[in-house]
Amino acid sequence: MTWTDHTDRWVRAHPVVPDTLLALAVAAVAGPPSLAIFQTARSPAWALWVAGICGSVLLAAVALRRVATGAAFALASLAMLVTVALPNTVVRPERLGLAGASGDMEIPLFFLPTSAAYLLLVYTVAAQRPWRESLLALGIGVTGGLLCTARTATGYGALPAGWLTLLLALLALVAAVAGTWAVGRYRHDRRRRLAEEAADAVERATADERRRIARDMHDIVAHSLAVIVRQAEGGSAIAARSPDRAAQALAVIADTAREALTDMRGTLQVLREAAPREEAVQPSLAAVPALVERVRATGLDVRLVERGSADAVTAGAATAAYRLIQEALTNSVKHAGADPTVTVTIAHAARAS
266 MTWTDHTDRW VRAHPVVPDT LLALAVAAVA GPPSLAIFQT ARSPAWALWV AGICGSVLLA
326 AVALRRVATG AAFALASLAM LVTVALPNTV VRPERLGLAG ASGDMEIPLF FLPTSAAYLL
386 LVYTVAAQRP WRESLLALGI GVTGGLLCTA RTATGYGALP AGWLTLLLAL LALVAAVAGT
446 WAVGRYRHDR RRRLAEEAAD AVERATADER RRIARDMHDI VAHSLAVIVR QAEGGSAIAA
506 RSPDRAAQAL AVIADTAREA LTDMRGTLQV LREAAPREEA VQPSLAAVPA LVERVRATGL
566 DVRLVERGSA DAVTAGAATA AYRLIQEALT NSVKHAGADP TVTVTIAHAA RAS
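Residue numbers (our numbering): 266 to 618.
FYI, nobody ran anything at the bench for these hints, they're computed from the structure. One or more of the hints may lead you astray.
[Stated by the list, open to error] Calculated cross-link-like contacts (lysine to any residue; reagent style SDA-like; alpha-carbon spacing at most 20 Å):
1) Lys599 x Ile493
2) Lys599 x Tyr587
3) Lys599 x Gln547
4) Lys599 x Glu571
5) Lys599 x Val578
6) Lys599 x Gly499
7) Lys599 x Ser574
8) Lys599 x Ala502
9) Lys599 x Met482
[Stated by the list, open to error] Computed spacing ranges between beta-carbons, pair by pair:
10) Ala585 x Ala441: 48 to 54 Å
11) Ala516 x Ser549: 44 to 50 Å
12) Leu400 x Thr527: 56 to 62 Å
13) Ser321 x Ala443: 48 to 54 Å
14) His613 x Ala278: 24 to 30 Å
Quick caveat, the model's predicted, so the values are computed rather than measured. Beta carbons: idealized from backbone N, C-alpha and C, even for Gly.
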């Protein structure tokens with residue numbers, strides 16, 4: 266796991282930390298122009314104080330936007346509603362650095378730059394919450410845009426283009442809210458789609474693992490039982506006249522059963538683990554000689570011929586080859602008839618240069 270993965274996990278576990286940093290960044294950008302408006306505004310002191318408190322509430326809501334999304338959005342909406350209800354303030358444009366402007370300008374206090382933080386809350390609800398809650402947030406945001414436009418209409422005569430300016434302002438507010446909401450929903454849908462794809466991948470991997478385990482269990486049980494049955498039949502037939510050979514057959518039965526039990530335990534171990542281990546009981550070509558000896562002990566004439574080097578064989582290919590040989594020998598034990606000769610040939614292709 267890389268340091269970026271650790272960072273992502275830590276951020277997801279402690280979202281209030283990066284969100285607090287985001288709120289501070291918004292304050293650093295929007296704070297100075299808001300203070301400049303306060304310093305040049307001519308309006309009741311209480312209105313400026315309330316506007317400042319509402320701006321601080323908006324920033325606090327940004328810091329809490331992921332740990333308490335619904336409450337943060339409700340708090341931010343209430344702060345914006347209070348700000349919209351405040352009386353307009355009068356400022357001197359030239360003192361705000363607006364070149365070419367002269368005379369007094371009457372503006373609503375919700376025009377403060379800190380009000381833009383509300384869009385972050387709209388985005389968060391759209392990105393984090395279900396469809397209905399996000400639609401509710403969109404409706405509240407658009408309604409807020411209408412209220413802001415209606416509030417501005419009380420002083421539209423002081424604006425250069427009157428109603429045209431109001432219409433453009435309304436369109437801009439609605440576009441900002443709707444656009445922010447749409448980006449949040451896209452993020453929400455994309456995250457859900459990725460989660461579904463990941464779940465499907467896990468389900469497919471689980472199904473593949475179950476099929477692999479079923480294959481391995483079949484190979485282990487079928488081979489071991491075939492050897493055990495052949496040894497038991499042979500041992501019972503010679504027990505009276507050759508006790509030593511019967512005892513040898515019993516020893517082979519015990520060894521075969523013990524090895525099968527070990528293989529089964531290792532194969533089933535992956536079912537008890539959170540993530541399947543590829544190394545859990547994966548026989549390789551190195552185990553083929555022992556397999557041949559075990560089958561040979563049943564009385565079957567088995568010969569092993571190996572050509573080339575196994576260095577280039579992957580673990581998966583080696584396991585598949587072992588299981589193939591095991592199945593072939595099992596069928597030979599069960600169906601080959603009397604006095605057969607079985608030759609197992611392993612030919613390794615030369616590695617391409």
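Would you mind confirming whether the straight-line C-alpha gap from Lys599 to Ser574 stays at or under 20 Å? Between Lys599 and Ser574 the Cα gap is close to 31 Å, so the pair fails against 20 Å, i.e. violated.
Taking 20 Å as the top limit, are the C-alpha atoms of Lys599 and Ala502 close enough? Status holds; Cα separation ~17 Å.
If I claimed the Cβ atoms of Leu400 and Thr527 lie 56 to 62 Å apart, would that claim hold in this structure? At roughly 59 Å between Cβ atoms, Thr527 and Leu400 fall inside 56 to 62 Å, so the hint holds.
Checking one constraint from the list: CA of Lys599 to CA of Tyr587, max 20 Å. Satisfied? 18 Å, holds
Is the gap between the beta carbons of Ala585 and Ala441 within 48 to 54 Å? Because 60 Å falls outside the window, the suggested range is violated.
Sort out whether Val578 lies within 20 Å of Lys599, counting only the CA atoms. At roughly 30 Å apart (the allowed maximum being 20 Å), Val578 and Lys599 break the hint.
Pairwise hint evaluation, Met482 against Lys599, where the allowed Cα distance is 20 Å at most: 18 Å, holds
Regarding the pair Lys599 and Glu571, is the alpha-carbon distance no greater than 20 Å? Between Lys599 and Glu571 the Cα gap is close to 24 Å, so the pair fails against 20 Å, i.e. violated.
Holds or violated: Lys599 and Gly499, Cα atoms, limit 20 Å. 13 Å, holds
Falls inside 44 to 50 Å, the C-beta gap from Ala516 to Ser549? Given about 26 Å between the Cβ atoms, the range is violated.
Should the hint that Ser321 and Ala443 are 48 to 54 Å apart at their CB atoms be regarded as holding? The hint (48 to 54 Å, Cβ to Cβ) is violated, given that Ser321 and Ala443 are roughly 27 Å apart.
Does the Cβ pair His613, Ala278 satisfy 24 to 30 Å? Given range 24 to 30 Å: violated, Cβ gap about 50 Å.
Of the numbered hints listed earlier, those contradicted by the structure are 3, 4, 5, 7, 10, 11, 13 and 14.
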